[in-house]
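K.L.:
The lines below spell out each chain.
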Amino acid sequence: MSEFHQIASYKPRSPNYRLLPFRFTELNDHDYVATNLAGEYLVLAKDVVPKLINHQLPTDDPLYTELRARHFLTDHTTAIASDLLAIKVRTRYERLANFTSLHMFVVTLRCEHSCQYCQVSRQSDNKLQFDMSLADADAALGLALRSPSPYIKIEFQGGEPLLNTDLIRHIVTEAERRKADKEIEFVIATNLALINPEFLAFCSEHDIKISTSLDGPRDLHNRNRPRPGNDSYEKTINGIRVVRAALGRNKVSALMTTTEASLSRVKDIVDEYLAQEFSGIFLRPLSPYGFAIRTKSYMKYNTERWLDFYKQGLECIIALNKQGIGFREFYASTILAKMLTSGDPGYVDLMSPSGIGIAAVVYNYDGYVYASDESRMLAEMGDQHFRLGHVRENSYDDIFLSPKLLKPIEDSFAYSNPMCHDCAFEPYCGADPVFHWALNKDYIGRKPESEFCRRNMAIFQHLIGLMHGDGFIRQLFLKWANRC
Amino acid sequence: MLKLSGNIDPIKRAGVCDDLFTITTDPSLPASVRNRFALLSQRPIDVAGYGVQLVNGDGQKDGTHFPAESTVYRLPNHFKYLKSGDIVFINSKRDFLHTLFRKESRHNSILLTEQCNHYCLMCSQPPKKVDDSYLLRRTFELIKLIPTDTRSLGFTGGEPTLYGEALIELIRQTKLQLPCTSIDLLTNGRRFKDKEFARRFGEVRHPDCMFGIPIYSDDPVRHDYVVQAHGAFDETIRGILNLKRFGQKVEIRIVLHKQTIDRLVSTCEFICRNLVFADHVALMGLEITGFTRPNLDLLWIDPYNYKEILSEAVSVLNSYGMNASVYNHQLCVVNKDIEGNYRKSISDWKNEYLDACAPCTRKAECGGFFSSSKTYKHSAYIRPFA
Chain A
1 MSEFHQIASY KPRSPNYRLL PFRFTELNDH DYVATNLAGE YLVLAKDVVP KLINHQLPTD
61 DPLYTELRAR HFLTDHTTAI ASDLLAIKVR TRYERLANFT SLHMFVVTLR CEHSCQYCQV
121 SRQSDNKLQF DMSLADADAA LGLALRSPSP YIKIEFQGGE PLLNTDLIRH IVTEAERRKA
181 DKEIEFVIAT NLALINPEFL AFCSEHDIKI STSLDGPRDL HNRNRPRPGN DSYEKTINGI
241 RVVRAALGRN KVSALMTTTE ASLSRVKDIV DEYLAQEFSG IFLRPLSPYG FAIRTKSYMK
301 YNTERWLDFY KQGLECIIAL NKQGIGFREF YASTILAKML TSGDPGYVDL MSPSGIGIAA
361 VVYNYDGYVY ASDESRMLAE MGDQHFRLGH VRENSYDDIF LSPKLLKPIE DSFAYSNPMC
421 HDCAFEPYCG ADPVFHWALN KDYIGRKPES EFCRRNMAIF QHLIGLMHGD GFIRQLFLKW
481 ANRC
Chain B
1001 MLKLSGNIDP IKRAGVCDDL FTITTDPSLP ASVRNRFALL SQRPIDVAGY GVQLVNGDGQ
1061 KDGTHFPAES TVYRLPNHFK YLKSGDIVFI NSKRDFLHTL FRKESRHNSI LLTEQCNHYC
1121 LMCSQPPKKV DDSYLLRRTF ELIKLIPTDT RSLGFTGGEP TLYGEALIEL IRQTKLQLPC
1181 TSIDLLTNGR RFKDKEFARR FGEVRHPDCM FGIPIYSDDP VRHDYVVQAH GAFDETIRGI
1241 LNLKRFGQKV EIRIVLHKQT IDRLVSTCEF ICRNLVFADH VALMGLEITG FTRPNLDLLW
1301 IDPYNYKEIL SEAVSVLNSY GMNASVYNHQ LCVVNKDIEG NYRKSISDWK NEYLDACAPC
1361 TRKAECGGFF SSSKTYKHSA YIRPFA
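Chains A and B, in that order, are what the protein sequence lines are.
In this text, residue positions in the first sequence follow the numbering used here: the first is 1, and each later residue adds one.
In this text, residue positions in the second sequence follow the numbering used here: the first is 1001, and each later residue adds one.
Treat the hints with caution; some may be incorrect.
To give an idea of the chain A side of the interface with chain B (calculated C-beta under 10 Å), a few residues [to be verified]: (1) Gln6; (2) Glu40; (3) Thr65; (4) Ala69; (5) His71; (6) Lys88; (7) Ser342; (8) Asp344; (9) Tyr347; (10) Met381; (11) Gly382; (12) His385; (13) Leu478; (14) Ala481; (15) Asn482; (16) Arg483.
Here are the simulated DSSO-like pairs of lysine-lysine, each with C-alpha atoms no more than 30 Å apart in a straight line [claimed, not checked]: (17) B:Lys1363 - B:Lys1129; (18) B:Lys1193 - A:Lys11; (19) A:Lys322 - A:Lys311; (20) A:Lys479 - B:Lys1249; (21) A:Lys235 - A:Lys127; (22) B:Lys1083 - B:Lys1129; (23) B:Lys1195 - B:Lys1128; (24) A:Lys479 - B:Lys1080; (25) B:Lys1080 - B:Lys1093; (26) A:Lys182 - A:Lys235; (27) B:Lys1080 - B:Lys1003; (28) A:Lys479 - B:Lys1344; (29) B:Lys1103 - B:Lys1307; (30) B:Lys1350 - B:Lys1249; (31) B:Lys1003 - B:Lys1244; (32) B:Lys1344 - B:Lys1003; (33) B:Lys1195 - A:Lys11; (34) B:Lys1336 - A:Lys11; (35) B:Lys1093 - B:Lys1103; (36) A:Lys11 - B:Lys1128; (37) B:Lys1103 - A:Lys479; (38) A:Lys11 - B:Lys1258; (39) B:Lys1336 - A:Lys322; (40) B:Lys1377 - B:Lys1128.
Note that these hints are calculated values from the structure, not bench results.
Here a beta-carbon is modelled for each residue, glycine too, at the ideal position from N, C-alpha and C.
Can you build the whole structure from these sequences, using the hints too?
P.N.:
Next up, the structure:
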């Protein structure tokens, strides 16, 4: 049909193209991963990249079309890339405008468990010494309600918060009375050993969620989490059951802590979560704070061993899905959301700018405000670097505009950090100034030596590698990316 | 396939008529409203005052039994579907009838213009460069006649936004006349690259107006080629962004054919990454009409041969939580995994089944064929379910 033009007449008339900002990092011996400004990735054969950046990629190369469609390059046929990239970047950082949404209240440091890896808890009968006071709780609530975010989450932490349910009741009731048009979600991080029907009724009435600890099968769990009677596992499993019965099955989630004893047991751990009818598991690394670092248990296993553990776990979970059992790994889901969507799941450890203070904040039992959970753990070890102020002595502005908060956030912004700036994985990664301060006494750390960097880089590469080679995994990961 | 427009046999003309009429079969309507109605009957009726009389069956041809001042037409058999409540346009100079609204149909679509700034390879309504603004003027009258309990109404073209402000006024009037009717407006969206135009559209605050806008590829070159217009991709994307900026609902429509199927999955990924705020994505089978027929070699791919691609595309859209539908396909040529997104979508007046479909146990769930597909080209893999 002569009245219709061939596709050739819509193609670029000149071989000139403009590169849009992108970065590339080695994936394996043959390929690079390239990411655009908004974190969309392409796997490129190594010999393609020099051609691309030297403006020698032919416009009729199929890869050229791909790179243009995904906003790695542009030419005179289209100018929309910069608008779309701008929207995607803006969407990614959208949550910053809302400021702090997670407010953690340490209602007591007391605990009836004596976990070796515990970073903060105390065993003591002296309530006054380790419980949050009513006055501090009211002042902390005032700060939480000052947050510009229309939606906040109040998480009760310990110690074991159920040792101080009176204060939880007080804070929940007060929060609801004072919240005006804010939406508030409540969560209690508890080992569930002390859960009882009266308090569950209160939880039900106020739609409070439960986050508990489950480290794996009975022997592993009880070894990790000693308590009088050595029945932590039984208490937890029973707790999960009664919470589900009283509040609904999606109102209780579980977190596992990885110890040296866990490393050879990943399949058992996953099986335990399956047996307890959880829809997924968060295979967590051990953090380097508190007792964990003092007892050197952190040093006992290195990042490589943990990565093996993680990859094995992931493999086992993917195999389950191939068998038709829907089960997900939540750390991967969080990262995949960053890789495959334009949104940001808002996971504090993987935020840049760092989420300290501006995404999550801790009101400690003694009224001091910390920039993150890790910050108060660091303080328990004697380093009060991230103590931002006191709920009754300092104003909201004092605390949240403190250079003690803003400087580490600004300094550690990964996009401007040496090595991070050049890293293809920067859009997926986080700034973790507290971690790097703890180890290196500066906010940026030395990336080649950073366990944080090593661990996350390896996971990013692993996830992309998995998707690259397997259509089933790609479809599965797309689902994980969108529901976490 | 229903014939929506064509000539009718004059029995008797009284004056000139060039108007819209609602069909009635009731010869005893109040005299004060009769002139707005076309009286439909099997046999001639001696009653005065109706705008026009339409005789369906065999009757007298000379019209002597009609009142002197009446215009009377005999309807050819293909207009037998007309029922009370339908709205027709009748022009007595051309002895022409056009059915504009069928009360029982859920697929009433109003053509606003045949002019267009696209020239799509598969256009089902090939554009004409003639002043047809009478279509718009007529639509302003039509919306006053359409019953207010009508669930939905489509406005189509050509490219309706070529009217500019007048289209905004039509949507405003539609909101006033038909406040409970949802509107589907088919447009290429390019005009909305003008933010001011999009803003004024938003100001109408129509409660339920969906802009159906095509994106045929994530590759700007391919999209521009399919619509045969340089720079169309950028303008359409900008248009969608502006419509969403002003709170409008946008449906993205992708017609599946040989020129779009290879990038269908990446196009869906593009939509989910860049236009995640779209309200609906429709993946639509090809209608074998208009330009598709001369371009058939360029466009035709048997749906059976792209069913894996279709499944993957739907899976991507579903994973991202995008509201997605598959239109204009037959159940026997798609995979089972897309049935949650499968819709019976073909407008009733051009919807048919093959003889081979007669014994099919799932015929009632199946969307069937465009009449044009049945006539010209359909999948070679149509098999009745046992």
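K.L.:
Each hint should be assessed against the structure and marked as holding or not.
P.N.:
A quick look at each hint next to the structure:
| no. | hint | verdict |
| --- | --- | --- |
| 1 | Gln6 | 8 Å, holds |
| 2 | Glu40 | 6 Å, holds |
| 3 | Thr65 | 5 Å, holds |
| 4 | Ala69 | 4 Å, holds |
| 5 | His71 | 9 Å, holds |
| 6 | Lys88 | 7 Å, holds |
| 7 | Ser342 | 6 Å, holds |
| 8 | Asp344 | 13 Å, violated |
| 9 | Tyr347 | 19 Å, violated |
| 10 | Met381 | 43 Å, violated |
| 11 | Gly382 | 46 Å, violated |
| 12 | His385 | 39 Å, violated |
| 13 | Leu478 | 4 Å, holds |
| 14 | Ala481 | 8 Å, holds |
| 15 | Asn482 | 5 Å, holds |
| 16 | Arg483 | 8 Å, holds |
| 17 | B:Lys1363 - B:Lys1129 | 41 Å, violated |
| 18 | B:Lys1193 - A:Lys11 | 22 Å, holds |
| 19 | A:Lys322 - A:Lys311 | 16 Å, holds |
| 20 | A:Lys479 - B:Lys1249 | 25 Å, holds |
| 21 | A:Lys235 - A:Lys127 | 24 Å, holds |
| 22 | B:Lys1083 - B:Lys1129 | 34 Å, violated |
| 23 | B:Lys1195 - B:Lys1128 | 28 Å, holds |
| 24 | A:Lys479 - B:Lys1080 | 51 Å, violated |
| 25 | B:Lys1080 - B:Lys1093 | 22 Å, holds |
| 26 | A:Lys182 - A:Lys235 | 35 Å, violated |
| 27 | B:Lys1080 - B:Lys1003 | 10 Å, holds |
| 28 | A:Lys479 - B:Lys1344 | 27 Å, holds |
| 29 | B:Lys1103 - B:Lys1307 | 36 Å, violated |
| 30 | B:Lys1350 - B:Lys1249 | 27 Å, holds |
| 31 | B:Lys1003 - B:Lys1244 | 37 Å, violated |
| 32 | B:Lys1344 - B:Lys1003 | 21 Å, holds |
| 33 | B:Lys1195 - A:Lys11 | 28 Å, holds |
| 34 | B:Lys1336 - A:Lys11 | 38 Å, violated |
| 35 | B:Lys1093 - B:Lys1103 | 27 Å, holds |
| 36 | A:Lys11 - B:Lys1128 | 27 Å, holds |
| 37 | B:Lys1103 - A:Lys479 | 43 Å, violated |
| 38 | A:Lys11 - B:Lys1258 | 18 Å, holds |
| 39 | B:Lys1336 - A:Lys322 | 18 Å, holds |
| 40 | B:Lys1377 - B:Lys1128 | 25 Å, holds |
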